[in-house]
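Chain A is fixed; fit chain B onto it per the hints.
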Amino acid sequence: MASNTNIKIALIGNPNTGKTLLFNQLTGLNQKVGNYPGVTVDKKEGKSKLSATHTATITDLPGTYSINPTSLDESIVLKTLLKKDIKSSPDVILVVADAENLKRNLLLFSQIKDLEIPTVLAINMIDQMKKKGISIDLNALQKELNTEVILISAKKNEGINDLKAAIIKCHVAAKASPLCAVNHKIDADYFDRLKEISPNHSIYELWLMVTQNNYPDSITKEEKENLLAFKSDASKLKKYQHKETIYRYQEINRILKETYIVDKTKATDLRGKLDRIFTHKIFGYFFFFLILLLIFQSIFDWASLPMDLIDGTFADISSYLKRELSPGVLTDLLTDGIIPGIGGVLIFIPQIAILFMFIAILEETGYMSRVVFLMDKIMRRFGMNGKSVIPLISGTACAIPAVMATRTISSWKERLITILVVPFTTCSARLPVYAILIALIIPNKKIFGFYSLQGFTLLMLYVLGFATAILSAYILQKTLKIKSSSFFVVEMPNYKFPSVKNVFFEVVEKTKAFVLGAGKIILALSVVLWFLASNGPDSYNNVEQNITSEISNQDLSEDELNQKIASAKLEHSYIGIMGKSIEPAIKPLGYDWKVGIALITSFAAREVFVGTLATIYSVENDDENTSTIKEKMRNDINQNTGEKTFNFPVGVSLLVFYAFAMQCMATLAIVKKETNTWKWPLIQLFGMSGLAYICSFIVYQILS
Amino acid sequence: MILNTYLCHPKLFFLSTIASLLKGEIGYISEESLDEIPLKLLEMGCLPGAEVQLIQLAPLKDPIYINVNGSHLAIRKETAAIIKIIKAH
Numbered sequence: 001m002a003s004n005t006n007i008k009i010a011l012i013g014n015p016n017t018g019k020t021l022l023f024n025q026l027t028g029l030n031q032k033v034g035n036y037p038g039v040t041v042d043k044k045e046g047k048s049k050l051s052a053t054h055t056a057t058i059t060d061l062p063g064t065y066s067i068n069p070t071s072l073d074e075s076i077v078l079k080t081l082l083k084k085d086i087k088s089s090p091d092v093i094l095v096v097a098d099a100e101n102l103k104r105n106l107l108l109f110s111q112i113k114d115l116e117i118p119t120v121l122a123i124n125m126i127d128q129m130k131k132k133g134i135s136i137d138l139n140a141l142q143k144e145l146n147t148e149v150i151l152i153s154a155k156k157n158e159g160i161n162d163l164k165a166a167i168i169k170c171h172v173a174a175k176a177s178p179l180c181a182v183n184h185k186i187d188a189d190y191f192d193r194l195k196e197i198s199p200n201h202s203i204y205e206l207w208l209m210v211t212q213n214n215y216p217d218s219i220t221k222e223e224k225e226n227l228l229a230f231k232s233d234a235s236k237l238k239k240y241q242h243k244e245t246i247y248r249y250q251e252i253n254r255i256l257k258e259t260y261i262v263d264k265t266k267a268t269d270l271r272g273k274l275d276r277i278f279t280h281k282i283f284g285y286f287f288f289f290l291i292l293l294l295i296f297q298s299i300f301d302w303a304s305l306p307m308d309l310i311d312g313t314f315a316d317i318s319s320y321l322k323r324e325l326s327p328g329v330l331t332d333l334l335t336d337g338i339i340p341g342i343g344g345v346l347i348f349i350p351q352i353a354i355l356f357m358f359i360a361i362l363e364e365t366g367y368m369s370r371v372v373f374l375m376d377k378i379m380r381r382f383g384m385n386g387k388s389v390i391p392l393i394s395g396t397a398c399a400i401p402a403v404m405a406t407r408t409i410s411s412w413k414e415r416l417i418t419i420l421v422v423p424f425t426t427c428s429a430r431l432p433v434y435a436i437l438i439a440l441i442i443p444n445k446k447i448f449g450f451y452s453l454q455g456f457t458l459l460m461l462y463v464l465g466f467a468t469a470i471l472s473a474y475i476l477q478k479t480l481k482i483k484s485s486s487f488f489v490v491e492m493p494n495y496k497f498p499s500v501k502n503v504f505f506e507v508v509e510k511t512k513a514f515v516l517g518a519g520k521i522i523l524a525l526s527v528v529l530w531f532l533a534s535n536g537p538d539s540y541n542n543v544e545q546n547i548t549s550e551i552s553n554q555d556l557s558e559d560e561l562n563q564k565i566a567s568a569k570l571e572h573s574y575i576g577i578m579g580k581s582i583e584p585a586i587k588p589l590g591y592d593w594k595v596g597i598a599l600i601t602s603f604a605a606r607e608v609f610v611g612t613l614a615t616i617y618s619v620e621n622d623d624e625n626t627s628t629i630k631e632k633m634r635n636d637i638n639q640n641t642g643e644k645t646f647n648f649p650v651g652v653s654l655l656v657f658y659a660f661a662m663q664c665m666a667t668l669a670i671v672k673k674e675t676n677t678w679k680w681p682l683i684q685l686f687g688m689s690g691l692a693y694i695c696s697f698i699v700y701q702i703l704s
Numbered sequence: 001m002i003l004n005t006y007l008c009h010p011k012l013f014f015l016s017t018i019a020s021l022l023k024g025e026i027g028y029i030s031e032e033s034l035d036e037i038p039l040k041l042l043e044m045g046c047l048p049g050a051e052v053q054l055i056q057l058a059p060l061k062d063p064i065y066i067n068v069n070g071s072h073l074a075i076r077k078e079t080a081a082i083i084k085i086i087k088a089h
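Going line by line, the protein sequences match chains A and B. The first sequence runs 1 to 704 under our numbering. The second sequence runs 1 to 89 under our numbering.
Don't take every hint at face value.
DSS-like cross-link-like pairs, simulated, lysine-lysine; straight-line CA separation at most 30 Å [as the list claims (entries may be wrong)]:
id : chain 1 : residue 1 : chain 2 : residue 2
1  : A       : K496      : A       : K569
2  : B       : K87       : A       : K377
3  : A       : K483      : B       : K61
4  : A       : K483      : A       : K496
5  : B       : K77       : A       : K238
6  : A       : K377      : B       : K61
7  : A       : K32       : A       : K49
8  : A       : K83       : A       : K185
9  : A       : K273      : B       : K77
10 : B       : K77       : A       : K587
11 : B       : K23       : A       : K496
12 : A       : K231      : B       : K84
13 : B       : K77       : A       : K236
14 : B       : K84       : A       : K185
15 : A       : K587      : B       : K84
16 : A       : K257      : B       : K87
17 : B       : K84       : A       : K273
18 : A       : K132      : B       : K23
19 : B       : K77       : A       : K673
20 : A       : K266      : B       : K87
21 : A       : K224      : A       : K185
22 : A       : K478      : B       : K77
23 : B       : K61       : A       : K273
24 : A       : K281      : B       : K77
25 : A       : K257      : B       : K77
26 : A       : K672      : A       : K32
27 : B       : K87       : A       : K281
28 : A       : K264      : B       : K87
29 : A       : K478      : A       : K679
30 : A       : K103      : B       : K87
31 : A       : K281      : B       : K84
32 : B       : K61       : A       : K224
Below, a sample of chain B positions facing chain A; criterion: calculated Cβ distance under 7 Å [as the list claims (entries may be wrong)]:
id : residue
33 : L15
34 : G24
35 : I26
36 : M44
37 : Q56
38 : I75
39 : R76
40 : I82
Worth flagging that the hints you see were computed from the coordinates, not collected in a lab. Idealized CB from N, CA, C, for every residue including glycine.
Only chain A is shown next, with the shape it has when bound in the complex (with noise of 0.2 Å):
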């Protein structure tokens, strides 16, 4: 038996060609997301079994038009090729077409081949090749791109077994030649003495370094100084780098006259139908609304359900063991620490897979294009980008993904704009928070007979923040000094009935970046978090005698005065010591020390507010009546003001508190990441937190 070979391929192609779905058909669920060495651009990989004696590890590379990239998703495509170091180079690369777009397509292949790397074209969506009357003569094809070229359908799963096997057959021939050497035809002279620097490298990946400015490993010192001298004349360069697209697409033409034939007359126009609809003036943006009225209509609706079971799921694990274990520290760190916090983790899932499922179809089917083009002249008068919509929608389950997704707007100032207004949606994790208050200052009553006034209350928090969002948004246009080009071009691709497998990849992929990212943060959190409410300095260890000696004399029940202990304790503790000693900044806001534990244990995630009130009004773990927690709450009454804690001008100081300020350390380590540099996320932090605080103490200030 021979030994088994595994064969690394990059899988590389234009954006709304099929990739992903070839990527999942080739992979199924045995694929990992990884990071780039250097740049936190996602790095898809995944097994995949090619035949008996071969195995391949598949890198999905960003979609990209060309090789010279624009954005920072399609840098990762050129620095993964032009990278020479056995261990991380592919073998093989598997470029993907589709069928329609043809020419197209074949620029991007061009460049590849010219890179001299063993590759194979797979030219998708064969299925839809009658329909559309096209016709191909692969033969001829092959023989005129000198490569192998496989007609596969990565959605009916057709022609997947000719790749496998043309991908061993190119792995083992392991010839590879350039397919237009089109830089000769532009400048002689000029390749020849850039050829002449490296004989270790082709001709275009010269050009391309000293184009994109990208050197790797392999370069000596020497080298790079003699490309450098090469960057010298900008113009020229930009009138080589014309002349090379244009010589490619002769090419091109020339092989696909031959080769590609397209019936006209059969061609179907439901494109233009459905975009005289969604691109419309008016019925565009009606049709934009709904859309997202349905969204977040589903997320409240179907999410509540799976929400309120996971919910409920963990109290009773944690009372369960709590009954079972042998009391101690564990047990208590488990119970009160671990448990609950990765179930305040887990009860996001339903409402960011939701969203995302939302948001997955609708990239899917080819409309998210035709909201960039509608919102962008919208979006660019805030500094922002067509492409920011995608981002901020995504801001309402998480901010963490929506921080991500502003990786394809290519202008830098555009980018980061998006990027620091992105908290001010309202995520997911202010949700616990809202309902709570809301629910404790805002009579259920309805208006006009119908609409719930709470609903209302929250549908205008959401107003708040997306309104937030875009004035800040336009204050930092003004204000932030940054030179970037914003070229704005985004294809708008056929319509297409969405994969339902990989709209179910994205989703697992999405909410797994929530779960590992966020998620580490907040139940590492909860578990210090206990621990600082449960231990204290010496007067916390005699609090319990204290209190048991002071009230001995009233006729209390049994869990009364456990209850009064619990509340004693955390006053003593260190997380309540912490929460007396800032209550001086925080009394003008309306709020008092309690408030304030609750703020300082949400300052790096804002969902634990509610758990942290929960417990300062102890109720007892294994009694998970919100009503009661509610109860509580209304009936408190603050020591400085001798008013109720929670009345209605400290409830409406607290909803403004945190619709704006800065309480999640997940999204700041991934500002950190994505701008490369603690200035931004620190700026987030500072700005909205004074916003913030400003903000509710004129609110306080009015209403009290």
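Same frame as chain A, now just chain B:
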């Protein structure tokens, strides 16, 4: 084809830019603006001689939605204004 006609009977045509196209109108990208066309647009099919049709305009005529050579693209008005085309009278 149309370019040849243009060269033989220049009076039948006039120079303009993509930004001046009306909805549904067709023009042909002229050689003249080659150096100004951003590389990315060239790569996506905006080549000299290519047929451009304006499909849709967003409010305030910005951005615009065009079909160049079978590529359906949305570009901003400022970009459209630097790509010269020839149009029939």
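Cross-check of the supplied hints:
1. K496(A) to K569(A): Roughly 61 Å between the alpha carbons, so the hint for K496(A) and K569(A) is violated.
2. K87(B) to K377(A): Given that 30 Å is the threshold and the Cα spacing comes to 27 Å, the pair holds.
3. K483(A) to K61(B): Roughly 25 Å separates the two Cα atoms, so the pair holds.
4. K483(A) to K496(A): violated (38 Å)
5. K77(B) to K238(A): Between K77(B) and K238(A) the Cα gap is close to 23 Å, so the pair holds against 30 Å.
6. K377(A) to K61(B): Within the cut-off at roughly 9 Å; holds.
7. K32(A) to K49(A): Within the cut-off at roughly 16 Å; holds.
8. K83(A) to K185(A): holds (27 Å)
9. K273(A) to K77(B): holds (24 Å)
10. K77(B) to K587(A): The hint is violated at about 53 Å.
11. K23(B) to K496(A): Satisfied, since the Cα-Cα distance of roughly 25 Å is no more than 30 Å.
12. K231(A) to K84(B): Judged against 30 Å, a Cα distance of about 29 Å means the pair holds.
13. K77(B) to K236(A): Holds, at roughly 27 Å.
14. K84(B) to K185(A): Distance of about 26 Å is within 30 Å: holds.
15. K587(A) to K84(B): violated (65 Å)
16. K257(A) to K87(B): holds (26 Å)
17. K84(B) to K273(A): holds (29 Å)
18. K132(A) to K23(B): Roughly 25 Å separates the two Cα atoms, so the pair holds.
19. K77(B) to K673(A): Violated, at roughly 34 Å.
20. K266(A) to K87(B): holds (28 Å)
21. K224(A) to K185(A): Answer holds: K224(A) to K185(A) is near 25 Å, not above 30 Å.
22. K478(A) to K77(B): holds (22 Å)
23. K61(B) to K273(A): Holds. K61(B) to K273(A) sits at ~20 Å (cutoff 30 Å).
24. K281(A) to K77(B): Between K281(A) and K77(B) the Cα gap is close to 16 Å, so the pair holds against 30 Å.
25. K257(A) to K77(B): violated (33 Å)
26. K672(A) to K32(A): Status holds; Cα separation ~23 Å.
27. K87(B) to K281(A): Measuring from Cα to Cα gives roughly 26 Å; hence the hint holds.
28. K264(A) to K87(B): The hint holds at about 23 Å.
29. K478(A) to K679(A): holds (18 Å)
30. K103(A) to K87(B): holds (25 Å)
31. K281(A) to K84(B): Status holds; Cα separation ~26 Å.
32. K61(B) to K224(A): violated (46 Å)
33. L15: violated (20 Å)
34. G24: violated (11 Å)
35. I26: Since the shortest Cβ distance to chain A is 15 Å, the answer is violated.
36. M44: holds (6 Å)
37. Q56: This hint holds: Q56(B) lies near chain A, its Cβ roughly 5 Å from the closest one there, short of 7 Å.
38. I75: holds (5 Å)
39. R76: holds (5 Å)
40. I82: violated (11 Å)
Consistency with the previously given hints fails for numbers 1, 4, 10, 15, 19, 25, 32, 33, 34, 35 and 40, ordered from lowest to highest.
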